Amino acid sequence: MTEVILAFGSNVGDKVDQIQTAIDRLVDSGLRCDAISSCYKSKPVGMKDQPDFVNAVGRFFCSKCSPFDVLRLILRIETEMGRVRTVENGPRSIDIDLIFFGRQQIATNSLTVPHGEYGSRRFVLEPMCELIPSFQPPGRGGSSVSELLEICPDITSNPVKISEFCKISDE
1237 MTEVILAFGS NVGDKVDQIQ TAIDRLVDSG LRCDAISSCY KSKPVGMKDQ
1287 PDFVNAVGRF FCSKCSPFDV LRLILRIETE MGRVRTVENG PRSIDIDLIF
1337 FGRQQIATNS LTVPHGEYGS RRFVLEPMCE LIPSFQPPGR GGSSVSELLE
1387 ICPDITSNPV KISEFCKISD E
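Residues in the sequence shown are numbered consecutively from 1237, following the working numbering.
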């Protein structure tokens, strides 16, 4: 089984429900959900004139899937849930990012793993610290996720825990 770490964000509609729906669809598609972080409210990055986001991180496992399979699944779920990619960093019903796929490092035109910007995003690192604080991401010189949070340059997103998270519905 390969550990898969996904980050979720939404700033349109019922944000927490959007994230829960995405998690449910991932589980229905065969990923095993191990844990979900609390929800965090954060300021948008990039395009500032839009509603605040709700973010969370999930730890999943999959067997017999590649990172590209997970990427295709993520993109399909985002599309099914109404994600429209018209404005870069604009409002979205759901955003799902593949942060880690085991310890693999991948750099192609369509996929970069670990996610290229997770280390500079407090709204990803904060919830990730709830799940895997001592995990040492590949390519980070042995620094743990909690150590990366301590030195994170992101001072604008200001994530604030707003709730314990969603149910895990893979029973």
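To be clear, the hints were calculated from the coordinates, so they are not data collected in a lab. Honestly, I wouldn't trust all of these hints.
Said to hold, decoys possible - Pairs of lysine-lysine residues, derived as PhoX-like cross-links and limited to a Cα-Cα distance of at most 25 Å, are as follows:
| hint | residue 1 | residue 2 |
| --- | --- | --- |
| 1 | Lys1300 | Lys1397 |
| 2 | Lys1279 | Lys1397 |
| 3 | Lys1277 | Lys1397 |
The structure displayed is predicted, hence computed values, not measured ones.
Consistency of the hints with the structure:
no., hint, in the structure
1, Lys1300 <-> Lys1397, "34 Å, violated"
2, Lys1279 <-> Lys1397, "13 Å, holds"
3, Lys1277 <-> Lys1397, "6 Å, holds"
When the structure is compared with the earlier hints, a violation turns up for hint 1 alone.
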